[in-house]
Amino acid sequence: MKNRLIVAGIGIPALLAVIFFAPLWGWAVVVSVMAAFSAWELLHTTMGSRFRKRFGIYAGVAAVLIPMGTVFGFGDFTLKLAAWLLLVVMFGEMMRTFRSENNRMHFVEPALVFTAGLLIPFLLTALVRLGQHTPKAPYILLTFVIVWISDSGAFFVGNAMGKRKLAPHLSPNKSIEGAVGGLLAAIVGALLYGLILKLCGYYVNFLGMMVYGLLGSLAGQMGDLAFSTIKREYGVKDYSNLLPGHGGMLDRFDSTIFTAPLLELLVILWPAIGVVVS
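Per my numbering, numbering through the sequence shown is continuous, rising by one, with the last residue being 278.
Since the hints were derived computationally from the structure, they do not count as laboratory data.
C-beta: ideal position from N, C-alpha, C; glycine also.
Each hint should be verified, as a subset may be incorrect.
[As the list claims (entries may be wrong)] Under the rule of at most 20 Å between Cα atoms (straight-line distance), these lysine to aspartate or glutamate pairs were calculated in the EDC-like manner:
1. LYS53 with GLU93
2. LYS237 with ASP151
3. LYS198 with GLU177
4. LYS136 with ASP151
5. LYS163 with ASP151
6. LYS165 with GLU177
7. LYS163 with GLU233
[Said to hold, decoys possible] Beta-carbon label-pair distances, calculated as ranges:
8. VAL276 with MET95: 57 to 63 Å
9. HIS133 with ARG52: 36 to 42 Å
10. ASP76 with PHE107: 42 to 48 Å
11. ARG54 with LEU207: 45 to 51 Å
12. LEU207 with THR134: 52 to 58 Å
13. ALA160 with ILE57: 43 to 49 Å
14. VAL33 with GLY201: 31 to 37 Å
15. GLY92 with VAL188: 14 to 20 Å
16. LEU192 with GLY26: 34 to 40 Å
17. ASP76 with THR134: 18 to 24 Å
18. LEU265 with ARG52: 32 to 38 Å
19. ALA83 with LEU24: 39 to 45 Å
20. ALA14 with ARG232: 38 to 44 Å
Start from the sequences and build out the full structure, keeping to the hints where you can.
Dropping the structure here:
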């Protein structure tokens, strides 16, 4: 618990400082780091001894290309380049297979590389794309507010009232009551966040904020369960020990991978935060 609090005490203020005071490209660098470590952790967890250096290099390059390309206005090109690199990886695996004795290619490796090196960076880059909306910082922070409050609500309500297991074979500590508590906490948290923004002079649609909180929490809990499924399948407790007390980057931001792109879609369809024009 001590390590967990220390990491949170250092990490959260640093994250807020970058969101509010750094240019968008600086925030894109942070997202690139998040994506690169997440990709590396997923590949090492799922591949084990089959992990190859070129897989990690591909995932790392793609994790940098996609967020940085987005912030500098050539995101489509970098996404296509990352996809082309994936084809190179698949071709290399084919050539290696043809030179081997059993002459069989296991498609699971290229599929994992695709997920880690292309899909995860693209989904996390929603955090950068949200920053391209006005106002920048409130929209970026929105994802973390909903995820953190939803997680806290689920934890406290689950501990106090949880009786019925939500997914006992995947995450034994999660309960249906905790999941509902997380949803309600996210709605209340989104409304309070909207109230703070309103007091700071922003335009806020409170009905939209309620929808953001509800659907954002639902997506985050789905992300948590999805990545817990992978850990359960491969028999690991955490993806890594990168963040003491929290596990790995994926353990900390698994919910964000699902929540951020959903909120991006909602913001495009129904922007609930804006700048008041005098």
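Sort out which numbered hints this structure fails and list those numbers smallest first.
The structure conflicts with hints 3, 4, 7, 10, 12, 15, 16, 19, 20, although it agrees with all the remaining ones.
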